[in-house]
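Going down the list, the protein sequences come from chains A and B.
In terms of the numbering used here, the first sequence opens at residue 1 and continues consecutively.
In terms of the numbering used here, the second sequence opens at residue 1 and continues consecutively.
Simulated from the structure, these hints should not be mistaken for lab results.
Check before you lean on any hint, since a few could be wrong.
A pair holds if it fits inside one copy or across any two, identical chains being indistinguishable in the list.
No farther apart than 27 Å at their CA atoms in a straight line, the calculated lysine-lysine pairs in the DSS-like style are these [unchecked claim]:
# : residue 1 : residue 2
1 : Lys58     : Lys92
2 : Lys246    : Lys440
3 : Lys30     : Lys246
4 : Lys58     : Lys203
5 : Lys526    : Lys565
6 : Lys349    : Lys321
7 : Lys526    : Lys118
Letter by letter, the chains look like this.
Protein chains: 2
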Amino acid sequence: MKKMYLHNQARNAARRTIFEGKSFGSSSGKGAVRIVPLGGSGNVTKNMYVYEYRYDGKIRDILIVDCGIGFPDAEMFGVDLIIPDVRYLMDKKDKIRALVFTHGHDDHIGGLPYIYPKLGKVPMYGPTLAAAFANLKLKETPIRDRVRPMRFDSVVEAGAFRVSFIRLTHSIPDTSHLVIETPVGIFYHGSDFKFDPTPLDDKPSEIGKINAVGKRGVLCMLSDSLGSERPGFTPSEQIIGETIEKELRLSHGKVLFTTQSSNISRIQLAIELAQKHGRKIAFLGRSIDKNVEESVKLRYMKFPRDVIINDRDLKRMPANKQFLVVAGAQGQPSSNLSRIANDAHKMIKLNDTDTVIISADPIPGRENDVNKLIDQIYRHGARVSYSDIMEDLHVSGHGSSGDMMLLLSAVGPKYVWPIGGTYKHLMQYRRLAEDLGYNKRSVIIPEDGEVMEFTEHAPPRVVDRVTLEHIMIDGLGIGDVGNVVLRDRQTIALEGIVVVVVPIEEATGRMTSAPEIITRGFVYVKGSQQLLARAADVVSHALTLKKGRIIDWQYVRKRIEESLKEYLLKETGRSPLIVPVILEV
Amino acid sequence: MKKMYLHNQARNAARRTIFEGKSFGSSSGKGAVRIVPLGGSGNVTKNMYVYEYRYDGKIRDILIVDCGIGFPDAEMFGVDLIIPDVRYLMDKKDKIRALVFTHGHDDHIGGLPYIYPKLGKVPMYGPTLAAAFANLKLKETPIRDRVRPMRFDSVVEAGAFRVSFIRLTHSIPDTSHLVIETPVGIFYHGSDFKFDPTPLDDKPSEIGKINAVGKRGVLCMLSDSLGSERPGFTPSEQIIGETIEKELRLSHGKVLFTTQSSNISRIQLAIELAQKHGRKIAFLGRSIDKNVEESVKLRYMKFPRDVIINDRDLKRMPANKQFLVVAGAQGQPSSNLSRIANDAHKMIKLNDTDTVIISADPIPGRENDVNKLIDQIYRHGARVSYSDIMEDLHVSGHGSSGDMMLLLSAVGPKYVWPIGGTYKHLMQYRRLAEDLGYNKRSVIIPEDGEVMEFTEHAPPRVVDRVTLEHIMIDGLGIGDVGNVVLRDRQTIALEGIVVVVVPIEEATGRMTSAPEIITRGFVYVKGSQQLLARAADVVSHALTLKKGRIIDWQYVRKRIEESLKEYLLKETGRSPLIVPVILEV
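For reference, chain A alone in the conformation it holds in the complex:
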């Protein structure tokens, strides 16, 4: 049995990294690495990957990469957010050696407050800013453990796994790819990235390190695939500055600027330009406030304190001196920007001299909300700058096909596994890989829950399927909105609900009066009195067919449901949710 190393920071600092060419040591024909995607394979968010080292069929060590939140589909009515389903890990908690984060976006760190308590005390690591943003979330909970910030030249030892960091550019500083050495081979965990030659924070991707690991031979690379449909390379963040400046020159009123609240480099850039044009800056949105504060503390952002003004000063400031950094770039209904656009913000009103700069692309599934937001802003007569009309605002944080092919060429893995895209992005990534000479079988496309096993000599294959549910967060509840509740919500949303209260005398088992029918979301009640009266008759009739005492409640419920369902479908073409209530009186 291999000796397990738990993390030891002092030792790590001294340890040579893989880029110095040290080989990992002996491997064994009986060893295997399994990767279990709990989120992020076949979809964009909710990223969480479980790496398992097995020997002789037994799990020795588990490494977890990322722990993000997801956003609900349009059909997940009322659900605020989704977290990965970690039931698979519940009987393996003692094998978890580390949780490593790639970067500080919510779809990679946001699940931590909900999931960490379920995992037990796991050592957590991440690049400095990712660790800081994750810890901001932990501080709001009773959890006292923290994510340890890691330099890009440090290493995490986690049992049989050795994890090193490579800096990549993305839309948040300190984004990392992970090199995961195992007894079976090297894995390259290449989540969200682009190759920005001139990033705003002056810290370009460490391409030398990528080439070095490529030369050593990588068994499998997991690669961001979201931008695989776009030709060429994603442009540098720098050009966004020119667009913002142009808007600042044109604007005679307030300028509102929105981007992801974690994109602090872009916020820093906007602040610098606003300042240059003589404007004062206000932040509207709790997430922006918190992220900026933390980033200033860690010196990831820098600006004179007096360019920032508070709410009271903002009111006294002429419109053409205001620059508002506003949360809500994805058109989230409760965000500051949505409230401003819909005249529901307590402080900010839009008018036709104002300009709104939306410096973010809609994530898949949110296009409709973002387009509605743009329309609402336009209705105030304000100028809107957004990616469909301003090519240079259209700077994705994700690479395009060129970036992806460059990474794939540099790493040159035996197998490649596109992640972080919807299925069409994965398939398009496969076409790109085929253009680079990969055959179809070398591009593996498992989806969440499909357990891939890698051994030294056989090709990887799906060895198991883990059943995953959407763990939905609605209000204060975690997971109590399950499939049953959701299915009811969906039925009612589409067809309405009909509640039938049947009062039954306890002693005799007979109806004491006519059934009461209450509907919501079904028909306009005032215009449908006749329909509802007849529906009550249908129920009465169905129940009197059953002579004498009513004792079999199950049967009664079913009869009510069936008779009413048939009647209402015939009359209205709708199938509402029918809820029979037998009330013993």
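Fit chain B to the given chain A structure using the hints.
Coordinates of chain B only, in the frame set by chain A:
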């Protein structure tokens, strides 16, 4: 008072059209034309425009252009489709002289079966294919009137209005712009179009007629604006053929082809190419069947009958000889293509040798559904060709900014009114018009319900606002799902419903037993028994505070609602719809 002409086809044929330069005759300083957009201004579908000629403040004549259906927003739960709200016309029916259609798309003709009965017997006109498709819809109803097919050189006289047709290219043959002469000036009704120099039906846009009317002087042009965000010109339909051929050459299995079911030229093209590659064709989808049948009858489509096969023959055909024209290009959940993609089609199963060609762009608001459809198809291993990755399938039926600027230059109206786009498209159209030298005030942007008045000498202005509701069609009901029903559906969809049944003894006005609490879509009931028991206590407690007989039911309902709402919000963070039911026993 002007003499009213009702349509007379024989007379029309003889009548000279405006392109011969005949002036319309005397106008009057007291005359005015009002345009009331009932649908299509500030949105893309549900097109319906009311033109009113007024003299001395009194309505003399009404001309209606188009009568389309709209598609529900994501929040309009359960609504199948929307039709324009025509209550405005109800006290003016005797003034309606004609209803003229521009082309045969559902968002221009589809409202007819629902709305025609409300208008009275109005003469209806449309280009040949538009009339044919509209009449297909009327044939399914008891309505016996029909739309009269018009040649492009004919004229409709409708009271003070004289309407001529100009052929334009679009994604359906026989698309027309209307020249509407009035005593106040000439209006150019330029709905959906693009300039396709090589259309599939060999009938290009009549640019000469456009220039001619421009020379006479147009007061106001209404113009399609949907493609205003795209640079350059929309490519010709011809290039789609090359893409289809390429897919046919690559495919070893079935080929499925989908486009709008009214785009019969594109369907004709696909059939010809499929035939050339030795495949047989089957149609899957009732709308395609009907449209193709009608088009063949009218000789808008032509192919040997034996290339079309029925279901039974299809089963015996090897996969690589099958070419299926399938309905459902917008990802509609109940369409044939969606059912095939989701393994719910009785006859067609997808596998990894198949190819699916999606030759249509998602209409605004349907992007998410189309993307999900693509993902589902890919999951079968099939090839998918769609616009984001195949530039040459991306041939919109709507012009791009170049097409729009060309039309605007040729017509050169005094005022221009962008239509058929969401607000952001209208604003972008305004930018284009400004580039052509129009000032901001000449580009008018009313939205649905805003009544624009045009007179000879004063600039147009909004003189009235008509309140419009979404008339929603759900199942068999027209309009009975109104705002109340919809708001209930929305609340329940997001938060669930809680029904509280309180049994009260009729004689004494006292509760006979504890309140019964039934929830749906709220919490997982089995895991929430304690919560629900305590909720019942809260209700009991709230009611016992009111001593003695309960007689004021309104008050009781309110108390139940308030106490329960507060309790549930505190415990769960949710605000379900609370329905108190007082049951007298």
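* Is the C-alpha distance from Lys526 to Lys118 at most 27 Å within one copy, between copies, in both cases, or in neither? -> So Lys526 and Lys118 pass the 27 Å test across copies only (22 Å; inside, 51 Å).
* Are the CA atoms of Lys349 and Lys321 at most 27 Å apart within a copy, between copies, both, or neither? -> Within one copy only: 15 Å inside a chain, 62 Å across chains, cut-off 27 Å.
* Asked: At most 27 Å between C-alpha atoms: does Lys526 with Lys565 qualify within a copy, between copies, both, or neither?
  -> both (21 Å within a copy, 25 Å between copies)
* Asked: Between Lys30 and Lys246, at a C-alpha cutoff of 27 Å, which is it: within one copy, between copies, both, or neither?
  -> The answer is neither: 62 Å in one copy and 48 Å across copies each exceed 27 Å.
* Between Lys246 and Lys440, at a C-alpha cutoff of 27 Å, which is it: within one copy, between copies, both, or neither? -> between (46 Å within a copy, 20 Å between copies)
* Asked: Taking 27 Å as the upper bound on the Cα-Cα distance, should Lys58 and Lys203 be classified as within, between, both, or neither?
  -> Result: close neither inside a copy nor across copies, 42 Å intra and 72 Å inter.
* At most 27 Å between C-alpha atoms: does Lys58 with Lys92 qualify within a copy, between copies, both, or neither? -> within (11 Å within a copy, 82 Å between copies)
The earlier numbered hints that this structure contradicts are 3 and 4.
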